[in-house]
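> So you can see what is in the structure, the chains are spelled out below.
There are 4 protein chains.
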Amino acid sequence: MKKVGIIGATGYTGIELMRLLYFHPRARITRVTSTSQQGEDISRVHPQFKKIYNLTLEELDIEKLAEETDIIFSALPHGLALEKVPELIKMGKKVIDLSSDFRLKNPEDYPIWYGFEHPGPDYLEKSVYGLPEVYRDKLQDAYLVANPGCYPTSIILGLMPLIQENLIDCTSIICDSKSGVSGAGRGAKLPFHFPECTENFKAYRVGNHQHTPEIEQELRNISKDPALTLLFTPHLVPMIRGILSTIYAAVNKGVVKEDVEEAYQKAYQNETFIRLMDETELPETKYVYGTNFCDIGFRLEERTGRIIVVTAIDNLVKGAAGQAVQNMNILLGWPEETGLLQPVVYP
Amino acid sequence: MKKVGIIGATGYTGIELMRLLYFHPRARITRVTSTSQQGEDISRVHPQFKKIYNLTLEELDIEKLAEETDIIFSALPHGLALEKVPELIKMGKKVIDLSSDFRLKNPEDYPIWYGFEHPGPDYLEKSVYGLPEVYRDKLQDAYLVANPGCYPTSIILGLMPLIQENLIDCTSIICDSKSGVSGAGRGAKLPFHFPECTENFKAYRVGNHQHTPEIEQELRNISKDPALTLLFTPHLVPMIRGILSTIYAAVNKGVVKEDVEEAYQKAYQNETFIRLMDETELPETKYVYGTNFCDIGFRLEERTGRIIVVTAIDNLVKGAAGQAVQNMNILLGWPEETGLLQPVVYP
Amino acid sequence: MKKVGIIGATGYTGIELMRLLYFHPRARITRVTSTSQQGEDISRVHPQFKKIYNLTLEELDIEKLAEETDIIFSALPHGLALEKVPELIKMGKKVIDLSSDFRLKNPEDYPIWYGFEHPGPDYLEKSVYGLPEVYRDKLQDAYLVANPGCYPTSIILGLMPLIQENLIDCTSIICDSKSGVSGAGRGAKLPFHFPECTENFKAYRVGNHQHTPEIEQELRNISKDPALTLLFTPHLVPMIRGILSTIYAAVNKGVVKEDVEEAYQKAYQNETFIRLMDETELPETKYVYGTNFCDIGFRLEERTGRIIVVTAIDNLVKGAAGQAVQNMNILLGWPEETGLLQPVVYP
Amino acid sequence: MKKVGIIGATGYTGIELMRLLYFHPRARITRVTSTSQQGEDISRVHPQFKKIYNLTLEELDIEKLAEETDIIFSALPHGLALEKVPELIKMGKKVIDLSSDFRLKNPEDYPIWYGFEHPGPDYLEKSVYGLPEVYRDKLQDAYLVANPGCYPTSIILGLMPLIQENLIDCTSIICDSKSGVSGAGRGAKLPFHFPECTENFKAYRVGNHQHTPEIEQELRNISKDPALTLLFTPHLVPMIRGILSTIYAAVNKGVVKEDVEEAYQKAYQNETFIRLMDETELPETKYVYGTNFCDIGFRLEERTGRIIVVTAIDNLVKGAAGQAVQNMNILLGWPEETGLLQPVVYP
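Residue numbers (the working numbering), protein chains in the order written: chain S, 33 to 379; chain R, 33 to 379; chain L, 33 to 379; chain X, 33 to 379.
In isolation and in its complexed conformation, chain S is listed as follows:
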């Protein structure tokens, strides 16, 4: 039984890690830290954990944490993992970081998209982007996993097979994504105040969302085509969980439905957490609620020569904590689905 530590355990990503690891047969949470609520029992801060977890939130003490755990998840907000995570790496610990602090390979992207100079560009090289369907091999030897963003996961998984098989025009990609409100975190702010947020639908950060360079970086890695660009528009859906991405691209000449089906089959037939919809079905966020699945469907539209790919994930699971556990399984040499296969709480 491996001992797991979670830094920043009270936010939505932290408690989702706690939920998922409860089912894990080979790992056990032994340390949880919180800046704002140290000293409190987790079941006082989160009463849903009564009779489930008996843990006290501790101050973050890097050395103690390194000594007393085997693997560490960092669920700190963006910008706060920058200094803490490298210290753990230096002590030889494996860390899965759920922030964006180690995702972008080009340090120059940080000032542009996140507003700060990255203090440790070395770590950007060392980190492995934690999308198992793409980087499984590298992840096996990784020490620092940069766990992907929720939108990027939903988009990269939808496009990878099409780019790999050269089926689409890489300058034509448009991603129209829709996310539930938990993606904005647990901080109470006016746009997420219930009366403002329910019975409302809107686009936000149109053309300048910070996930844009992350998605482009990974799609260019796959395509080897620096001309690849992405138009990405996120939207806010009045629901708690779920991301549905509707992805548009022009298909290359002569591409037929069977080519697309083959590409997806080839890429994903052995992937536990990818579910391909057949031609009568389309993904819905409810089908993946609370699970680590990414559902993918598509339609090829001959009238306009375009493909429409629809993907659905749970932003807190495959888009965050579930993928992190999947990465932990890889890092520790366990079967990837260990503790992660669960039916949806439906309806």
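Do not rely on the hints blindly, as some may be mistaken.
As the list makes no split between identical chains, a pair holds if one copy fits it or if it spans any two.
Claimed, not checked - Pairs of lysine to aspartate or glutamate residues, derived as EDC-like cross-links and limited to a Cα-Cα distance of at most 16 Å, are as follows:
no.: 1; residue 1: Lys289; residue 2: Asp310
no.: 2; residue 1: Lys298; residue 2: Glu197
no.: 3; residue 1: Lys158; residue 2: Glu115
no.: 4; residue 1: Lys170; residue 2: Glu290
no.: 5; residue 1: Lys83; residue 2: Asp310
no.: 6; residue 1: Lys83; residue 2: Glu368
no.: 7; residue 1: Lys82; residue 2: Asp310
no.: 8; residue 1: Lys125; residue 2: Glu95
no.: 9; residue 1: Lys82; residue 2: Glu369
no.: 10; residue 1: Lys82; residue 2: Glu313
None of these hints come from the bench; they were simulated from the model. This structure is a prediction, so every number in the text was calculated from the model and none was measured.
On the provided structure of chain S, position chains R, L and X as indicated by the hints.
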């Protein structure tokens, strides 16, 4: 055309006043004040008002406001109207105050239920409790209207006829009320954060909600029975607007359904804004959404000797801004329904 | 005061007409028909209308209706207006039809997209497509108005100025639209059953929604370019009302932000019901809830050479009943906004 | 590994059984039946089960089912289990029936509350009411378990300790319960149509809900007081899952808070699935979402001499499928919590 001023125009009560007064044929908003956003156009703070209102939020200047308006609504939070409103009264203005600062007649209730000593007990005597169905006569000559709370409105209107006709045991009253989230105001706080609030239902402030003395005060005024007590439990419903109160009381011996029907008919047959459900119907909050109606239904249960009264209002209309406009109409000698009759936005 | 009749008054479009016409100073509903609930009081079927409307649902008797009303709205489901509406036209009545039965000019589109042969192709020529911002002049003399679909309204209004001023590539248009559930009507079906529908987001009818030919027809009319094609994907949002359309197109070479602003200004500066967002704002469905406004914002993205236009309407108002009343005002020579300017019920 | 059959597997109770049993280490679903969709793969009817269950819905063949399974859950609608379940019992199978067909001990209650004569009153005697916290001993030898209703579970568990310790007046009990919409099942009907149901709150079946005799039967069993009566009012909350019951009773003279705390401790200190809130907390439905917990809190109100008990369960888990699995564990001699302890999917 009378000129109207609104103090504290950007909260939910303030903007609801603005919405309702837009339809008023004899009154026009000319001044709106805001502490936090003075200098801003109202349609910048509340884009829904584009092409509807062309008003700038001003700093609160009591003298200027008194000079340039005929009647004033104060939509300041509880505790902040205490000093501002008396100044306006002294200048001879009529004020309708939507806070609880002038509702309780006994100054000793303020430290107990609101946590402050009331600085102007005189004004508690002068104010008229703005429930037209009870105090219509007094309101005609009022200068200071203490506009009722949302829960009290839904409960007092449900019980008044039964108490007046001596049909129930006044020591047996239990009010189980359920409110939409807008009742908590526009301040973003964790319990009203969308992901926490949606798909959740809870009771809160059980046994110690600050509306309890207000309801008891008014029901005792009606019953002349100081032994009358009220058990009041509020709940939070994952919806924006609406209060449904389920009210229980033991009926006095021999009371039959027809007695109850007569009591309601007698009290409300000429009331524009009370709608009595027939015996096949029950109120639903959706039927009063956005309107000044209070819908009332009941069942007499012979098995247990109790009556169950169900009332529904929109907490922001009959429970706040709509009732305030109704009071304005009375104060200014206009027909009570002027500008207030509107169909529900349904569904 | 003109007398108005509504055929099919109990569905969501019918009751929305009733809501809006309540505020109309020059028109009064005198006849309402219903197939399923004839003989019932409207306030029995729709209790929200108690004390608002005192009308009885009648069997549809074309002759009687023609005699006793001045203008008629048909809110029958698609396919059912085909025979009834022409009879009224023959009797010289003006009819505003809210179904899709007279929207498509090419009769051959009906079997393809709606599954039936159109029985009266003559009427397709005679009908005027009821989008005032495009066809105001023709509408003034119209007898038969084909009131636009909800999605088409949200898309055509967003694109018209860009096409008119030749700013975009007409073969590159992608419309990703999201609608509240009331767009599906009042019929209870599993996909709209609350537990299935809430906390869920999905695309539907990808690539084959019946509004596609309607939108293409109108955009081609504007562009005069038969090569114009449209990729249209509708989605279902767990909210009652509202459509947000996110529209993508490649901009023509050299087009800058100011060109786009000018195009919108030129087209819409005198339009009462179009509200242009400035560059710090974006439309949200809540800002138009219950109103006849269409809010429009855009971002020009130089990185990818594309424009993203975002539009928001209330599907039941500007997308149906409100636009129908706007058309009635034009048909009867009244100011277009008569009875239609209303603030949003917010939040 | 025991083999489990589910009759009526596609409704909300059936799929919740499938979800819960997926986690069970000692039981495996081998047969699922459906009247309406026999022959279909379960993952075709419920796509959320892709990669989770590989089962085909079968016609109900009692003999085959009895042969090929060790224990059977019947999730048929009320009235349909009456004939099927006895056949299975006769073949010596243990059956847990989730309908109300075997819950009431007095056959005369069926025509009054359910509208049919009960065809097998013998089975009413043989069945054990499946509330483990009350009938654990009897359940160990049971063949036919009548799994309790959702409202009754939430109410009986809240009141049992108070009645057992004689702390309340049994003629004064009022239960004001609020349920999510999944309690109404999967059948699409107008009151549960999303646009009608969301942003709405209502009471229904006031004074005549069919769970009333079930609750009274069980509370009288505990109190031995035939005078015990119950006033029960159910309400519909616009959320998917969860029941919150607010229960009122007059406390007997001299009862203090410590008496109540002791009563709950005594009754529930060893109960895995009961969580007692402390005096700073109150239950919320979200804390039990998807779990088999029943959370209980209370306030003693000296002003009115009454206790207010608040309980929360998930209507589909402790209120249906979870309790059924708990009963299975008892019937088969396994630890009661086997496969049932799970953290909430939160938020």
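> At 16 Å max between alpha carbons, let me know whether lysine 83 reaches glutamate 368 within a copy, between copies, both or neither.
between (28 Å within a copy, 15 Å between copies)
> Between copies, within a copy, both or neither: which fits lysine 170 and glutamate 290 at Cα up to 16 Å?
neither (31 Å within a copy, 48 Å between copies)
> From the Cα coordinates, with 16 Å as the cut-off, is the pair lysine 158 and glutamate 115 best called within, between, both, or neither?
The answer is within: 15 Å in one copy meets 16 Å, while 63 Å across copies does not.
> When no copy is specified for lysine 82 and glutamate 369, does a C-alpha distance of 16 Å or less occur within a copy, between copies, both, or neither?
Between copies, since 15 Å is at most 16 Å while 27 Å is not.
> Using 16 Å as the alpha carbon limit, work out where lysine 82 and glutamate 313 are close: within a copy, between copies, both or neither.
between (39 Å within a copy, 12 Å between copies)
> Within a copy, between copies, both or neither: which one fits lysine 83 and aspartate 310 at a CA-CA cutoff of 16 Å?
between (41 Å within a copy, 14 Å between copies)
> Reference check for the pair lysine 298 and glutamate 197, CA-CA at most 16 Å: within, between, both, or neither?
Cα proximity of lysine 298 and glutamate 197: one copy only (10 Å, versus 46 Å across).
> Indicate which option fits the pair lysine 125, glutamate 95 if close means a Cα-Cα distance not exceeding 16 Å: within, between, both or neither.
For lysine 125 and glutamate 95, the Cα distance is within 16 Å only inside one copy (11 Å; across copies 59 Å).
> Are the CA atoms of lysine 82 and aspartate 310 at most 16 Å apart within a copy, between copies, both, or neither?
between (41 Å within a copy, 12 Å between copies)
> Within a copy, between copies, both or neither: where do lysine 289 and aspartate 310 come within 16 Å Cα-Cα?
within (12 Å within a copy, 42 Å between copies)
The structure does not agree with numbered hint 4 stated previously, though it agrees with all others.
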